[in-house]
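S.K.: First to last, the protein sequences are chains A and B. The first sequence: position 54 = 55 (this note's numbering), numbered continuously. The second sequence: position 71 = 86 (this note's numbering), numbered continuously.
Among the clues, some could well be false.
Here are some, though not all, of the chain B residues that point toward chain A, as calculated from beta-carbon distances under 8 Å [claimed, not checked]:
| # | residue |
| --- | --- |
| 1 | 46 |
| 2 | 47 |
| 3 | 59 |
| 4 | 116 |
| 5 | 119 |
| 6 | 121 |
Below, simulated DSSO-like cross-link-like pairs (lysine-lysine); rule was C-alpha separation at most 27 Å, straight line [said to hold, decoys possible]:
| # | chain 1 | residue 1 | chain 2 | residue 2 |
| --- | --- | --- | --- | --- |
| 7 | B | 116 | A | 66 |
| 8 | A | 66 | B | 124 |
| 9 | A | 8 | B | 57 |
Calculated from the model, a selection of chain A residues having no Cβ within reach of chain B, i.e. all distances over 10 Å [said to hold, decoys possible]:
| # | residue |
| --- | --- |
| 10 | 49 |
| 11 | 55 |
| 12 | 83 |
| 13 | 87 |
Since the hints were derived computationally from the structure, they do not count as laboratory data. Cβ coordinates follow ideal geometry from the N, Cα and C atoms, glycine included.
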Amino acid sequence: SAVISQKPSRDICQRGTSLTIQCQVDSQVTMMFWYRQQPGQSLTLIATANQGSEATYESGFVIDKFPISRPNLTFSTLTVSNMSPEDSSIYLCSVEDPGEAFFGQGTRLTVV
Amino acid sequence: KQEVTQIPAALSVPEGENLVLNCSFTDSAIYNLQWFRQDPGKGLTSLLLIQSSQREQTSGRLNASLDKSSGRSTLYIAASQPGDSATYLCAVRLSQGGSEKLVFGKGTKLTVNP
């Protein structure tokens, strides 16, 4: 199984600012996935990040709000831009190996 | 549209009790189903993966079953311990828009009291 390191583990941010979340995997993977878990809700896929191409965003998520980088096969970042209190969630990075999903420790974001 | 439902939303049991968590899904055309554990404010830990052709999987005190035709899965936890306290999520993998996607339930929050 893949080992995924995600940081920061938590942060409290001012509205209007941006936060970049990092995800490092211990093996090379083709696709990395970013999810959001709002309080009391299930996980929702934000986007799929492929190395060497633009990320694919799900309905309701846009690149200007959630820009993603994927510079190599073991690393990705997700930025939450121009944050508002509604962005307060747990953000999770995931990889698949294959057909089985593995997750990082999550980033608990609170926007004040 | 695939929907995944987990009942109950919360469950509190005394230590040592055997328990069953339920997961139901509306579309039986799934590739597999995965059970996860999530501690408060943390990421997900994979517990068991059941392929669509399988009926059950076991790992230690955990046993997961799958009845694809009826759209149901159960996670059985034997001899529960306080350390089992967490939220348990199920997710189904299916084809959506030309790619595979995971659809999650909202989870069952389990508390095991010493």
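S.K.: All hints are to be evaluated individually against the structure, with a verdict given for each.
M.R.: Going through the hints against the structure:
| no. | hint | in the structure |
| --- | --- | --- |
| 1 | 46 | holds (7 Å) |
| 2 | 47 | holds (6 Å) |
| 3 | 59 | holds (4 Å) |
| 4 | 116 | holds (7 Å) |
| 5 | 119 | holds (4 Å) |
| 6 | 121 | holds (5 Å) |
| 7 | B/116 - A/66 | holds (22 Å) |
| 8 | A/66 - B/124 | violated (31 Å) |
| 9 | A/8 - B/57 | holds (12 Å) |
| 10 | 49 | violated (8 Å) |
| 11 | 55 | holds (15 Å) |
| 12 | 83 | holds (24 Å) |
| 13 | 87 | holds (18 Å) |
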